[in-house]
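Got chain A; can you put chains B and C on it based on the hints?
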Amino acid sequence: MSRYSALALLRGALTGQRHWDRAWRDPEPKQSYDVIVIGGGGHGLATAYYLAKVHGVRNVAVLEKGWIGGGNTGRNTTIVRSNYRQAPLHNFFEFGLKMWESLSDDLNYNVMFSPRGALLLGHSDADMARLAQLGDALRCDGIDAELMSRDEVARFEPSLDVSDRARFPIHGGLIQRRGGTARHDAVAWGYARAADGLGVDIIQNCEVTGFAMAGGTVTGVETTRGRIGAGRIGICVAGNSGHVARLAGIKLPIESQTLQAFVTEPVKPMIDTVIMSMTLHCYISQSDKGGIVLGGDPDRFPSYAQRGLPPQIEKAATEAIALVPALSRLRMVRSWAGVTDMSFDGAPIIAPLPVDGLYLNGGWCYGGFKATPASGWMYAHLLATGESHALTRPFALDRFARGATIDETGSGPQPTSR
Amino acid sequence: MLLITCPHCGNRAQTEFDYVRTLDSIVTLDMAPEAAMTTLFERSNPRGIDDELWRHSHGCRQFMMLRRNRVTHEIASITPWGAA
Amino acid sequence: MTGPARIAGGPAPSLGFSFDGKPYRARPGDTLAAALLANGVNLVARSFKYHRPRGIMAAGVEEPNALVTVGEGARRTPNTRATDVFVYDGLVAVSQNRWPSLRFDIGTLLGLAAPVFASGFYYKTFFGPPKRWMFYEKFIRRAAGLGNPPIEADADRYEHRAAFCDVLVVGSGPAGRVASQNAALAGDRVILVEQDAVPGGSIVRDAGGDVTAIMAAELAALELAGTRVLVRTTASGIWDDGLVTCVEQLAEPGQAAEIAQRLWRIRAKRIVLATGAIERPLTFAGNDRPGVMLSQAARTYVRRFDVLPGCRAVIATNNDDAYLTAFALREAGGTVLAILDTRAAVVSQVVAAAQAYFPVFFDVQDLATEGGLNCLSSVDAMIGSTKRRFAADLLAMSGGFTPVVHLHSQAAGKLDWREDIQAFVPGATLQAITSVGSAAGEVEAIAAMTANLGKPKASFIDFQNDVTAADIDLAWQEGYRSVEHLKRYTTLGMATDQGKTSNMAALTRLAGAAGVAIPQAGLTTFRPPYVPLTLGALAGPDGGGHAAPTRRLALYEHHQRLKPIWQPLGYWHRPRAYPLGRETLAEAALREARAVRNCVGIVDVSTLAKFMVTGPDASAFLEIVCATNVSKLAVGRGRYTFMLREDGMVMDDGTVWRLSDNRYLLTSSTGGAERMEAHLAYVRQVLAPQLRVSVVDSQEHLAGIALAGPQARDVLATLIGTEPPAHMGASEGVIAAVPVQILAASYSGERAFEIYAAGHDAGPVWDALEAAVRARGGCPYGLEALEFLRIEKGHVVVGGEADGRTTAHDLRLEKMVRKAGGFIGASALDRPALSAPDRKQLVGLESLGGDIPEGAMLMETWGSGAEGHVTAAAMRVNMGGSIALGLLNGGRGRSGETLVASSPTRGQHVQVRVVAPHFYDHEGARYRD
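Chains as they are written, first to last, in our numbering: chain A, 241 to 658; chain B, 839 to 922; chain C, 45 to 973.
The shape of chain A in the complex, shown without the other chains:
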């Protein structure tokens, strides 16, 4: 594998960049593997990479029904942060945020992690009290968070309307300076290239259609490219978790919903940070290319269509304009829709399933992208050792039956309520 560097690029300039190898191979599936990861998104590829790198498990295949990174990895708003209120969530996401900080170097692939700050806005004293609580919870666990006054917000992000005229006047905010954005496709490609370099087989256009079982233990998968045996199998197909788990006869506390996002035409620098709000459900950031990336609420009914409906886009645009009035004149150039695993407490599931040898990584709701490195690390730990890492023990499947749900928003056991 040719190593990426500025020098190698300069050398390539003389030769028309003809010296670059394939970023990952296109192998035929072997008869069997020690571990099969179903799903070639960021999480699945990261899992395979850490299996090989951290646990020395290199006889691994990642099976992808389409092209890698084509699911939610490539259909999000690329926000990275760890500022959750509930400790199991912020401790897990913080583990991941630390990984983001050195990910490009680790993968020898620029994933463009850009800690330009994740700013949560408050629109009332009640919002500010909630932000203070959130910030205090984070700081007590060693995670960065700073309260900002309205003036500080105005200086930090001048595009915001901090006037009293605003329908949702900005009272202040909570900034996580280490949060930011990353280049979503690069995450999938970087992990794929690095995993491939360690011997992992990445097999695209290979859809799992069933599970091979023997005596209550899973022994392999049936795929559109034939049966492939495996010692352990990890499902990692967020959005389609319910569908794949059903192939093994398992029902999950997950419902699939559509989440849309969109981007405007590129403009010169306009928004420097990631803007979020306690009251409004829109996310605003500017990509390196210059497009303003916007996201909003899920469509709030079950769907696998990867195709959204206008009302949520219109609502997100309306709310974004309420925060940054000048956005009104920019044009949306592209929209996309992902299928999200809406779990019933808003938290993920990284756990063994009630079939021996079968594991699940899913239930990411609309917050999976930022989890990619940590999710891969933790899932690799589970698949390699059979035991959950301490940080993911709260994400067990039986928490619903036990009553140990996490429920960041406190909104209860319905996937539509968060």
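Don't take every hint at face value.
[To be verified] DSSO-like mimics (lysine-lysine), calculated; alpha carbons at most 27 angstroms apart, straight line:
| id | chain 1 | residue 1 | chain 2 | residue 2 |
| --- | --- | --- | --- | --- |
| 1 | C | Lys175 | A | Lys508 |
| 2 | C | Lys175 | A | Lys338 |
| 3 | A | Lys305 | A | Lys270 |
| 4 | C | Lys501 | A | Lys529 |
| 5 | C | Lys676 | A | Lys508 |
| 6 | A | Lys491 | A | Lys508 |
| 7 | A | Lys338 | A | Lys305 |
| 8 | C | Lys175 | A | Lys293 |
| 9 | C | Lys182 | A | Lys529 |
| 10 | A | Lys305 | C | Lys458 |
| 11 | A | Lys529 | A | Lys508 |
| 12 | C | Lys182 | A | Lys508 |
[What the hints assert, rightly or not] DEER-style ranges, computed between Cβ atoms:
| id | chain 1 | residue 1 | chain 2 | residue 2 | range |
| --- | --- | --- | --- | --- | --- |
| 13 | B | Met869 | A | Gly455 | 31 to 41 angstroms |
| 14 | B | Gly886 | A | Met453 | 20 to 30 angstroms |
| 15 | C | Ala157 | A | Met453 | 54 to 64 angstroms |
| 16 | A | Ala452 | C | Pro593 | 50 to 60 angstroms |
[To be verified] Covered by chain C, according to a simulated footprint, are these stretches of chain A (three or more residues, beta-carbon under 8 angstroms):
| id | stretch |
| --- | --- |
| 17 | 290 to 302 |
| 18 | 498 to 512 |
| 19 | 643 to 651 |
FYI, nobody ran anything at the bench for these hints, they're computed from the structure. C-beta atoms are modelled at their ideal positions from N, C-alpha and C, and glycine is treated no differently.
Just chains B and C, lined up with the frame of chain A:
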């Protein structure tokens, strides 16, 4: 935006409706605790047709059952549900 | 003479506009592109990455190059296609993505480094130690982007409209017009939308003379027949069930108007797509220079706009249609130096006719261009094995035609490959959508690989994003082989033109690299919008400060007279305090709370959720909803109650009152009102449909005023003329001639009454109460004082202590839970984790130092880890001193412990003692009789 034929109001925009839950996740009052929790937390979530409970919340406020394809968004049937 | 110019004759240009500060004239009906060409301006823009000089390539929405910023200040519109804005008097346009000027652009240096900046170069460098990317990113972000963003709030207004029809026809070209006429004849309600300002589609391009007038007349006839015709209206998205969103431009970008744009939501039973086809460029080195134009665009400028895009033209083509452009140029006074055909010898009428006038060369293998900033100087062609040079200032090219299938594909319609036209055409569809005319593939056939010439290096495929054929080859080499990977790795098709001109050329190149047929190479999905649309249009009238409604209290005017501090909760705005003089919020709240503790006060509680539950089974219904005892309630009595979610957590709380045998009033929290409405409806209609009960939501019908304080009883007795009900009793009365419902409930901890009247009648009741209260030295109080009072009393609040993660036991309410069960949530309560000893449980906190910060974390010492948090803090109303409620791990067993309430974000750390969560009159002596 779907067009939903409310059994009481006719063709209405989907924004007037709320998806409530799948029909098989209705926890009835006579269920034993374990059955109640299983019903509440486990969904078949098919990549295909399912029976769903919806409500015309911003219209007649009545509940109805939609048999709906979750890939194509086609609605096969709509049946009034529960008491008026 | 050289370069583009206005064809002699015709009307004088009556409109003034400017480009990069220089004034020019234009004729009405000119697009900005046409007007610039008419004034001899070829150089219009710089490309995204290499800052290559670019001109005008197309004559419609597919234009990749000619992006300019139109309008100023609050109407600045960056990235506007010069081909898609009609000149109005005073239009101001400036070029973008260049510094210091369009002609002398420093960014051109980037172009020199193009061999380094191959596709995906940024994935291979700029990383290393932390912050290195952040360092480079600053420069990359400044170099990226196209136009300068608007800074001011948008001055334009937008609106939304809905329409319904039997048939929606998109496109008013020949096929669309026929479809409209036929549908109208069949008696259908028809809407015809046309993105251009002038209807007619290809007719406007291909017919000369005053065709626009003829077309307008024809459409007037259509309108007379009942068809609604919307011009300058672009269908941008097709959604489920025949919903099409269209944007009507009522003003040009940057132009002031009453309404700038209108977003139509058209629901059609049948959709006819007559969206035409887009001409493809040829792929060759230097195909991006100013002076290289699509053939049909050149024809459009001649025929429609009376503009000659070049004096000495070369036509390069793989089809017959481009020959028509030669004739058009010639008729307009231009010289056609050659027609360069990439096909082997062709026999057709058009070709034969052309050969009589123009030198025609077949078997053209390669092309290259040379030229300056503003124009082309020569075209080199490899004809067979002979190289020839033509001193041309215009190269009109055509690589075939791509049907516009975007809308069809957006609606999840399948696409079929047509080898004869080397393009995808609409296939099977889930909805009643048909494509007609060019959009359905009725375009001239072309042979495979006849549009892809020469060396890949400077052969642009995606012009705006500077993706060359070589970039595609490199992506393939590096394994980005799925068409989606290719697109994302090279950014191909992701520019503001959304790949309209580049899609097929890219697929051809990819298929070539892969050695497969084009359909095997795959196709990216088309998603809305077809043409970029403003966020303002998406938001419609909800933009500009109307993002959400504001719900006003029935007594809004009464409060406003007292100049309160308003507090938002959801859409409601409620008085938080009524400061006097220069009082701060805290001072005002404390004064108001003391009035309640020591005298009497009134507070508006109208926003509480209120439900009338009536019928023979009303109590059975409430026993399902409420986790407390309800059925034993006597008529005329009420009780505190709470409701659980199905997972056993406390959902909401309030009071339930038995007003008569079969009639109850249930109140619950303001914030949970909508959730409670849905919950009650679900119980009534789905879970217990057999019950004979009706539930009426009276939240907005009834205004509510709470009268509280030691003198409350006397105030009320005087007003209603009888003895008010005892604590938790209900009665009716009349105040200021208005009938009222009186409920003796206390939230504040004092003797108190909630008085409800119909919202429209509540004004006089408030006035009477306020006068009586003030006469005794009391005053109205707001939510902040109410918060002080309830914290001191130890009442939990939904969203605070009852945060959706707490059980009745956690909140010390378990004694009220009905043992017999049968209510919602009962089945969840036996789950083991709900009785874990370390659950977060309600505690009271007393400060041992300063004010307890709300939201602070609770811990043994700093660094020992958070064990809980402060949910609400207040001052003791009469005694002073800071108290709070909190949730603490295993809190019920920890009274007496000393902890730290720590708020690192505010730098406050206060020692607190854990106590029982009530600080005032725990026995309720102050309100019981």
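Here is what the structure says about each hint:
1. C:Lys175 x A:Lys508: Roughly 22 angstroms separates the two Cα atoms, so the pair holds.
2. C:Lys175 x A:Lys338: With Cα atoms ~14 angstroms apart, lysine 175 (chain C) and lysine 338 (chain A) stay inside 27 angstroms; holds.
3. A:Lys305 x A:Lys270: holds (16 angstroms)
4. C:Lys501 x A:Lys529: holds (23 angstroms)
5. C:Lys676 x A:Lys508: violated (69 angstroms)
6. A:Lys491 x A:Lys508: violated (48 angstroms)
7. A:Lys338 x A:Lys305: violated (31 angstroms)
8. C:Lys175 x A:Lys293: holds (25 angstroms)
9. C:Lys182 x A:Lys529: holds (11 angstroms)
10. A:Lys305 x C:Lys458: It holds: about 20 angstroms lies between the C-alpha atoms, which stays within 27 angstroms.
11. A:Lys529 x A:Lys508: Holds - the C-alpha atoms of lysine 508 (chain A) and lysine 529 (chain A) are around 9 angstroms apart, at most 27 angstroms.
12. C:Lys182 x A:Lys508: holds (11 angstroms)
13. B:Met869 x A:Gly455: 31 to 41 angstroms: The hint (31 to 41 angstroms, Cβ to Cβ) holds, given that methionine 869 (chain B) and glycine 455 (chain A) are roughly 33 angstroms apart.
14. B:Gly886 x A:Met453: 20 to 30 angstroms: holds (23 angstroms)
15. C:Ala157 x A:Met453: 54 to 64 angstroms: Taking Cβ atoms as reference, alanine 157 (chain C) and methionine 453 (chain A) lie about 57 angstroms apart, which means the hint holds.
16. A:Ala452 x C:Pro593: 50 to 60 angstroms: With Cβ atoms ~57 angstroms apart, the hint holds.
17. 290 to 302: violated (count 0)
18. 498 to 512: As far as the stretch 498 to 512 of chain A goes, the hint holds, because 7 residues have Cβ atoms under 8 angstroms from chain C.
19. 643 to 651: holds (count 7)
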